[in-house]
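K.L.:
So you can see what is in the structure, the chains are spelled out below.
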Amino acid sequence: MTRDSYRLTTLLLPAGIFFAAFFLLPLAQLFHIGLTGKQGWGAYTAIVTDRNYFSSLVSTLGLAAATTAATLIISGIAGVFLQRNRFPGNGALVAMLTFPLAFPGVVIGFMVIMLAGRQGLIGDVSRWLTGDKIVFAYSMAGLFMGYVYFSIPRTILTVMAAAEKLDPKLEEAARSLGASTWRVVLDVIIPGLKPAFISAGAICFATAMGAFGTAFTLATRINVLPMVIYTEFTLEANIATAAALSFVLGAVTWVVLAVARTAAGSTVAAAG
Amino acid sequence: MKRGAAFYAQLAFTLLVCAFLIAPVILSILAGVTVNYQSGIQSGFTLRWVFAVWDGYRDTIFLSIGISLACLAGTLILGVPAAYALAKRQNAFSRALEELLVMPVAVPGLATALALIVTYGGAGGFRTSWSFILVGHILFTLPFMVRSVLAVLSAIDLKTLEEGAASLGASFWQRFFHIVLPNCRGGILAGSLMVVTLSMGEFNMTWLLHTPLTKTLPVGLADAYASLRLEIGSAYTLVFFLMIVPLLVALQWLGQARQAKFVAEDE
Amino acid sequence: MTDSMKPLAITLTGCAKTFADGTKALEPLDLVIKSGETLVLLGPSGCGKTTTLRIIAGLEQPDAGGTVLFDGEDVTPLSIEKRNVGMVFQSYALFPNMSVAENIGYGLRLRKTPSAALRARVNEMLGMMRIEKLADRRIDQLSGGQRQRVALARALAVRPRALLLDEPLTALDAKLRDALRIEIDELLRRLGITAVYVTHDQAEAMALGDRIVVMEHGKVAQIGTPRDIYQRPATLFVADFIGTMNRVAGHVAGGAFVTSAGSIPWPEAPARATEAMFRPQDVSIADDGAAHLKGTITAAFFLGDRTRLAVDVGGDKPLILEAAARRDFSHGDPIGLRIDPHGLLSL
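Chains as they are written, first to last, in this note's numbering: chain A, 1 to 272; chain B, 1 to 267; chain C, 1 to 347.
These are computed hints drawn from the structure, not numbers from a lab. You can take every hint at face value.
Mimicking DSS-like on lysine-lysine, the simulated pairs with C-alpha atoms at most 27 Å apart in a straight line are:
| # | chain 1 | residue 1 | chain 2 | residue 2 |
| --- | --- | --- | --- | --- |
| 1 | B | Lys159 | C | Lys24 |
| 2 | C | Lys82 | B | Lys88 |
| 3 | C | Lys82 | C | Lys6 |
| 4 | C | Lys294 | C | Lys317 |
| 5 | C | Lys24 | B | Lys88 |
This is chain A alone, in the form it adopts within the complex:
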């Protein structure tokens, strides 16, 4: 059936051409532009040699790691709980927890402002309780809150889907062998959910690395890599540096996802 094989290639071709023209070629061009600045290859090493860039990279990585850890713990507990227990209102809770699934970063930023901004709920409550108005939306803490907010819905969905496939008989077997609840969680549930944790965690990580809308809404001064790139590009018109930095950011994020995918043995993708 070699004729069919040609036809299949024909079907693949439009996507392939589009992709080559608007992604692969531009990415190559981006790499090339990164080299055209004063520093040449130095633009690519600047991310570790330049103290400012390096500190941005470190804080971005730190933020991404913290977001991932917090999201996994929160969504792990809530997701397993909702999957394992059926009670009236369960469906409504799941619907509410997954509602913000498609909020873009800018809207997430606004949600953080509603909670922790100058006119936010947390500030009002804290002033009422202690007299002090707590406002942290426009800082790294606000960004952290936003990324966790963004990541919870999709992570809960992933965890719930994985928990559904966990065989309850494994837990029963562990219990029959005398395992305590904690041992069951440690020895059965967490290992069983590991692939889901890895893939969902990778998405959280990639989001926190590359997302831009939330930071943009909260404050342009937050020292994370996407904001640095944006500033270099628009305010400093330093296109070579912006290109090099975004190429490095893209490469780092892609590598993290690829490694996670190999580890989890399934496909992983981020949205943002």
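Given chain A, put chains B and C in place with the hints provided.
P.N.:
Relative to chain A, chains B and C alone:
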């Protein structure tokens, strides 16, 4: 079943998470219809802010709808045939292509947008038209369409179904249109909803790709958040919710319907 | 069928198949399928029977040099959609997006049959398979047996030149399998269509086949009528694969086959035979005086209407025989056996 302290502790935790996610949504909806948010809802309700948004940002809403529909058309034309070809051909080449197609999702939108600008920024007419944004959106959403269709195609025994059709005399294209497409309707629908929703909310790329004349809804939102009073930002957010909520509800319903169907087949 | 055309004759010459990964699925095969016969391809999984069927169908191309002739016309380069063969798959391959009637009519629709004629033919097929009531059902509302009937109706609706069936009953449970086997047999006789039937179940093969091709490791082990194959197996593999075959070692002396457990009278014994073979039904239980062989019972399975015994007579494997259910046997009992000389075979 008797429920112990552990159950209630977890329930309380889950409710807290729920409050964290939903409280700001409710606050922002309220703020969008309150006369003066600073002095609270005692100041009364109004649709003034919503109308202000409509007057000032109507164009962004229409542009976003237009782009998301064009994006849907693009991903259907490019993505569905590609997913079918990928499902049929499991070799090193197709796996590499599948991997590549997902890259625009993994690579930060900022980087993709910059790459597009440095490559095609000089093409005047293209750079300033909304199709420049469209290209970015298709790149970003295409993997979702492909994966959604691919998931359905790998769940059915496509090979045997096609052989069955071929044994009755169906040619390659007859098989594609009579058997393959109708049997991945569910995947196409789910993928379509996802594509429209994502395109409607895309900001990371769009912020760099847009021009003053091609502002999309999220771009307008960012504008409003940065420069206008909280009530207008809220009202604008409210409009955005009204647009994506039906899509989200449809997506959730589709997911449940499919689950229910699987259950029925098990019995 | 109203078609007065003579059913198709199929000839395979030198058809071998090597898959892309280098696996040799089929050694060069020559096979003539006569007009109107039901030919069964029988063998364990991986023996090449399905590959042979797929080459006939046009779903696989034979390696270079192999040809497939339909009534003498070379169809080797034609893919399946141009060969006009009806095919029934193990998993049925019914289209989930179409109703039962639409499935049956699909082949006719592709042939641009006018709608009145199409409806009439679909109704005829529904009637033939006695599934008129299912016409508007969705596929996922059908049971396994109903799906099988729809698959048959769909394959036959286009009046194919031959009917190819790939393990059509394997997915069904035992009782349904027996019932459908009888139905398929009746149908094939009535239509007089040339049919090629792949199965790994020897009972199915014996019941349906005009001739059986027993295959092993991509090669033909024996071709013959069910009776030939059962009574005169050409190889040990065939003897073992079709039914149960007992084997004892020994030598021929004075019109008898002498073993360590006794001697069996065998006037027509080939002089050089070192092994005698016989089926369980040719063995009967006898008193010590009349027994040919003496052994001990190693296992007894009460089957209700009879008892299946395993008897050790000093060979590698115990002999298998069946006894009337009334008698009680227990492990370790000594037992005497008589063998019907007409049932004795050697290879």
